[in-house]
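Colleague: Sequence:
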Amino acid sequence: MPEKGKSTDSLMRHIRDTKVGHNIDIAGSRDKKDLLMMGYYHGYKGYRFARNVNNKLPITKFKEITAIYNFDMALKSLFYSPIMKLETAIKNYIIDALVSGDECSYEVIFDKKLNFYKTVNPSDRNYNFLVKKRLELRKKMHTTILFEYGNDNPVIQNFVHKDKPIPLWAVFEVISLGTLGSFFQCLNIRDRKKILQSLGILDHNDTNGELLSRHVWIIKELRNALAHNHIIFDCRFKNSKIPTWIRSHIESQMGTTNCTFNTITDYLALSVFYMKSIGMTKVEIKAIVRDYDRLVRELQKSVPTSVFNTIVGTDVFNKIKAIKEYI
357 MPEKGKSTDS LMRHIRDTKV GHNIDIAGSR DKKDLLMMGY YHGYKGYRFA RNVNNKLPIT
417 KFKEITAIYN FDMALKSLFY SPIMKLETAI KNYIIDALVS GDECSYEVIF DKKLNFYKTV
477 NPSDRNYNFL VKKRLELRKK MHTTILFEYG NDNPVIQNFV HKDKPIPLWA VFEVISLGTL
537 GSFFQCLNIR DRKKILQSLG ILDHNDTNGE LLSRHVWIIK ELRNALAHNH IIFDCRFKNS
597 KIPTWIRSHI ESQMGTTNCT FNTITDYLAL SVFYMKSIGM TKVEIKAIVR DYDRLVRELQ
657 KSVPTSVFNT IVGTDVFNKI KAIKEYI
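No gaps in the numbering here: position 175 of the sequence shown is 531 in my numbering, and each next residue is one more.
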């Protein structure tokens, strides 16, 4: 016989149950409304652990779950607009550097400038890898253009119907942040450094000009989590391994330590690094960091110390102080 679904009251009894349930204190209309608001399966159950399901948070009261949920939702509101602004600005900086006084067709730019693979000898085992990445990028961009054309994107259709080359800016409007990172990775070193110089983040220790592509891939994971309304408070969206030199670079720039990108504060630090580079005002940036500081302190008051430290780390306020000083 098919299993029947549980009512919200039944779920609350299960959450309270000390034997087969979760042994978490939950009762009353306020808790019921909060449970309905966040949901049981993708809300409550998702906020009981940090980063992976085996890392259960030592929570005994449902109001602590609610505090984490509220923290997560507020973080998404705080990060969404700045991250989208960063994505747009980075694309525009790349366009400006590549097309100013030169041809703007994305096909021409692809052929002339996305040739980093030529810095490697064909006999080198890395050569085939770089050529493959470039071919995959071309395929991805063509697939995206085809998709947009088939979905009546007026900009793409306009250039195709007039048999005109599609300019880089039109392609950048439709590619993902991950594809942008791959685009930058395939660029020749001279143009990479030209873009980094334009952004004011050129580092002479970064001999191949990899900084932006590495940062874009880090930001991409947060950006996608925000776009799909996924949980972000514990950085469970992080899937890539971040090189030590990238973490060390952020530490040296921001004056922080222990940059692991296992806490959301490290993503704030990287975001602030780019907010400053693209020219957001100090007033804007300070307001964002101030709001983050407030959210962290509200969480601190609402959950046990062990839970708080697991989520944001024991050094969170030192990091926030360093970020404020960097601004």
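Take the hints with a grain of salt, since some may be wrong.
As the list claims (entries may be wrong) - The calculated lysine-lysine pairs, modelled on BS3-like cross-linking and capped at a C-alpha distance of 30 Å, are:
(1) Lys432 x Lys520
(2) Lys576 x Lys496
(3) Lys520 x Lys488
(4) Lys389 x Lys447
(5) Lys474 x Lys441
(6) Lys401 x Lys657
(7) Lys496 x Lys594
(8) Lys389 x Lys401
(9) Lys657 x Lys389
(10) Lys550 x Lys657
(11) Lys597 x Lys495
(12) Lys632 x Lys447
(13) Lys447 x Lys496
(14) Lys576 x Lys468
No lab work stands behind these hints: they were computed from the structure.
Colleague: For every hint, state whether the structure bears it out.
Modeller: Quick rundown of the hints versus the structure:
1. Simply put, Lys432 and Lys520 have alpha-carbon atoms about 40 Å apart, too far for the 30 Å limit, and the pair is violated.
2. Proximity of Lys576 to Lys496 is assessed by CA-CA distance (about 17 Å); at most 30 Å being required, the pair is judged to hold.
3. A hinted pair counts as satisfied when its Cα atoms are at most 30 Å apart, and Lys520 with Lys488 qualifies at roughly 28 Å.
4. Of the pairs offered as hints, the one joining Lys389 and Lys447 is violated, with about 42 Å between alpha carbons and a cut-off of 30 Å exceeded.
5. Proposed proximity of Lys474 and Lys441 is contradicted: the alpha carbons are some 33 Å apart, above 30 Å.
6. The straight-line distance between the Cα atoms of Lys401 and Lys657 is roughly 22 Å, inside the 30 Å bound, and the hint therefore holds.
7. Only pairs whose Cα atoms come within 30 Å are accepted, and Lys496 paired with Lys594 is accepted, the gap being roughly 23 Å.
8. Taking the CA atoms of Lys389 and Lys401, the gap is near 16 Å; set against the 30 Å cutoff, the hint holds.
9. Simply put, Lys657 and Lys389 have alpha-carbon atoms about 22 Å apart, close enough for the 30 Å limit, and the pair holds.
10. This hinted pair does not check out: Lys550 and Lys657 have alpha carbons roughly 47 Å apart, beyond 30 Å.
11. The straight-line distance between the Cα atoms of Lys597 and Lys495 is roughly 25 Å, inside the 30 Å bound, and the hint therefore holds.
12. Between the alpha carbons of Lys632 and Lys447 the distance comes to roughly 16 Å, so the proposed pair stays at or under 30 Å and holds.
13. Under the criterion of a C-alpha separation no larger than 30 Å, the hint pairing Lys447 with Lys496 is consistent with the structure, at around 17 Å.
14. For the proposed pair Lys576 and Lys468, the alpha carbon gap of about 26 Å is at most 30 Å, so the pair holds.
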